[in-house]
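Engineer: The lines below spell out each chain.
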Amino acid sequence: MRLAQHMSVASDRVRSTVIEATEFPELSRAYQVMGVPKVVINDRVQFEGALPEHDFLSAVLQAVETP
Amino acid sequence: MPILNPRDQEAVRKEFERIAGPVKLIVFSQELAAAELCQQNEALVREVAELSDQITVEVLNLAIDRERAEAYGVDQVPAIVVEGSRDWGIRFYGIPLGYEFSNLIDSIIVASTGQPGLSEETLASLQALASDVDIKVFSTPT
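So the sequences go chain by chain: A and B.
For the first sequence, position 62 matches number 62 in my numbering, and the numbering has no gaps at all.
If you want my numbering, it's the position in the second sequence, counting the first as 1, plus 67.
Keep in mind the hints are simulated off the structure, nothing from the lab.
Model, not experiment: these values are computed from the prediction.
Be a bit skeptical, because a hint or two may be false.
Quick list of the computed label-pair ranges, beta carbon to beta carbon [stated by the list, open to error]:
id, chain 1, residue 1, chain 2, residue 2, range
1, A, D43, B, E137, 11 to 21 Å
2, B, S169, A, M34, 21 to 31 Å
3, B, Q106, A, T66, 28 to 38 Å
To give a feel for the contact side, a few chain A residues facing chain B, derived at Cβ under 8 Å [unchecked claim]:
id, residue
4, M7
5, K38
6, V39
7, V40
8, L51
Glycine included, each C-beta is placed from N, C-alpha and C at the ideal position.
Next up, chain B with everything else stripped away, as it sits in the complex (with noise of 0.2 Å):
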């Protein structure tokens, strides 16, 4: 049975008419470590793919994946990595369901504009910074 009920894909479709160009989802999964939850994910994740024809899908497994995993900076599953023509640094772990659902599908746009939608003010302090800045967001599907 589809996660996403027929009006959500409408709604996501809409959303992506905004889409610019290419993104990849990188899924880690590990099966013995969270079986159901990375299945859960998976299935999230391609049913999202499958409302652009821009969205690619790969799965990636964490124990197998290493090299992969450790230059993604990927350390748990299940996780999502965004990536546009480029690798922005965008990570989603556990199930992007509820309120980080429309963070995930907020963050594919992004990453295929590549045009954050900050201030001038802000933009120039982020494009200054001389050290790596790492920002955890905890959050709940509601």
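Next up, chain A with everything else stripped away, as it sits in the complex (with noise of 0.2 Å):
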């Protein structure tokens, strides 16, 4: 998901890391991967499959929010 790299150059606040599930299985099975590519975002946000750039940036932004 090119989403998340591209998010890292726009912002310092960003970190991105792309995982292969099938080599890291106890970080996947962690984060409950089930189907592929799944995005978790702060530990709090997470979605499956790919989403449009505005929905992406809606995840994020809702990640950032206070509880």
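Join these two chains into a complex; the hints should help.
Structural biologist: See below:
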């Protein structure tokens, strides 16, 4: 998912890590990865599948909202 | 035997015509933890780096180069940090093959230009962020 990397370049606040799910079964289990791509933002917001840019941004903003 | 076939190499060389400045690929390995995966990952990164004279490679050991690993926030191997004029926060855990390979190539290019391909609205929202964002993307090669 290239949006995550481009967001990293756009802001010093954003870090993105692409994780090869089959090589990291423990991480995949911990984050309950059933299908890919699966995106987890700040361990708070998650979604499966590719989202358009606007919706991806909404997920990022939701993840940083004060609860 | 090379991982990239001549057709892949040619396609990547063409993509790399868009590289705008130096890029460093920092590879974290740890033979004791995942010897085969780390060797394959290093081999792939070196093959990619050979396709542009703007790309350099540094191989670090997660267990020995602990301070560097901590500074980059890397705690798994194999890992790749894609760094342009500065560290943009782009990381790969695992060997980026298949779909992730095109992601790596795209990351190298955007790290070199520092020009993300995002809308004005997205850029404005990201630049206004008041707290840190950690995005994990779980993927597979196919």
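Engineer: Any hints from earlier that this structure breaks? Give me their numbers in increasing order, please.
Structural biologist: Of the numbered hints, 3, 8 do not hold.
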